[in-house]
Amino acid sequence: MSTTPLLSMHASDWLQLFLQYLSLSLLSIGGAISTAPEMHRYLVEETRWLTESQFTASIAIAQAAPGPNILFVALMGWHVGINTSSIAMGLFGVLVTMVGIMLPSTTLTYLAAQWGHRNRNLRGVRAFKQGMAPIVIALLVATGWVLTSVHNDAAKDWPLWLLTAASALVIWRTRLHLLWMLGAGAVLGWFGFV
Amino acid sequence: MDSSATQDRPRPQSLSDLFISFTLLALQGFGGVLAIVQHELVEKKRWMTREEFVEEWAVAQIMPGPNVVNLSLMIGARYFGLPGALAALAGMLTIPLVIVLLLTFVYAQFADRPGLAGALRGMGAVAAGLITAAGLRLLTTLKTNPLGLPVSIALALACFAAIALLRWPLLYVLPSLGGVAFVIAYRKVKP
Chain Z
1 MSTTPLLSMH ASDWLQLFLQ YLSLSLLSIG GAISTAPEMH RYLVEETRWL TESQFTASIA
61 IAQAAPGPNI LFVALMGWHV GINTSSIAMG LFGVLVTMVG IMLPSTTLTY LAAQWGHRNR
121 NLRGVRAFKQ GMAPIVIALL VATGWVLTSV HNDAAKDWPL WLLTAASALV IWRTRLHLLW
181 MLGAGAVLGW FGFV
Chain L
195 MDSSATQDRP RPQSLSDLFI SFTLLALQGF GGVLAIVQHE LVEKKRWMTR EEFVEEWAVA
255 QIMPGPNVVN LSLMIGARYF GLPGALAALA GMLTIPLVIV LLLTFVYAQF ADRPGLAGAL
315 RGMGAVAAGL ITAAGLRLLT TLKTNPLGLP VSIALALACF AAIALLRWPL LYVLPSLGGV
375 AFVIAYRKVK P
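From first to last, the protein sequence lines stand for chains Z and L. Position 132 (the first sequence) corresponds to 132 in my numbering; numbering is contiguous. In my numbering, each residue's number is its place in the second sequence (first place is 1) plus 194.
Think of the hints as simulated: they come from the structure by calculation, not from any bench. Incorrect hints may appear among the rest.
To be verified - Derived DMTMM-like pairs: lysine to aspartate or glutamate, alpha-carbon spacing no greater than 20 Å straight-line:
1) K129/Z / E250/L
2) K239/L / D211/L
3) K337/L / D306/L
4) K129/Z / E246/L
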């Protein structure tokens, strides 16, 4: 793993992080993973609170572990926290990012689910639902692209690109359990093939 | 429909039943929980019909936030209102959060072993593939979209280019493209 920066974060920085996740929550239509490119831009490129490898590890561990993939957000908060100092701050980071990403969307979903159920034949409801479809779908593909293109050294990284393309193809076209693919990726990586 | 239709059917007995059920669902879901939720709640427990499931899933999907978490919330709310929503949410997140933190902790202890870093690198590549595959799989739904296939493809390509290639912030891309899509869709769906 690359060297970890020791951060000093002020209360205002934590507030910034919280507000960032609050707004990402409202934008995370199609799942929080669709805001991963934005998280990468903010946490890795702009503020440098996370290293590239921490960012990738957050997503990979959450994908590999059981449970909803939204927990990658908790891991990003965890990494920001431990980059400043301690495990306690790591847990604080989890709290900041998870409450931030969950609070607006769950509140809105709860209210909208009641409302939408009563008005599901309304023209505006259907237009929104169906109009968003191509955008939400493209966001998923774009996320895969962004995650792959952080490895941009063609000479060294081409096996990695091949693995991403192959796993996308296998999962798209077959009913193979995702665990097998993740396991295959882990084994290939462990022995240095990718 | 809810109160009358659900009376003769199996349903969660209590808030703790909801919490435990959703915890177990979450723990079975490696790399995605949706398929497990559908299988367990609809096919095995029979809390919902397939039609009801699809209906709720559509709403869960268009709302911001993690789809599966939204879905859990909505199912919980169906039976016990707000307390049910919170119980389902807590079930979906609590134990998995502990597990994922433990895994990260273990990972950090062994992070300097080259094999482990490589394994994570490999899994990261696969994870990118899984997300891509989810998008590719859903592309077929655009065929029946009222926007029409050419407009759908144009919107999808514009979104992909803005986010993946130009790296514009989602904050601007989503409202502007979404606004355009909504206006076009509004004119095409039947009043």
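- prompt: Hints broken by the structure, by number, lowest first?
  reply: 3
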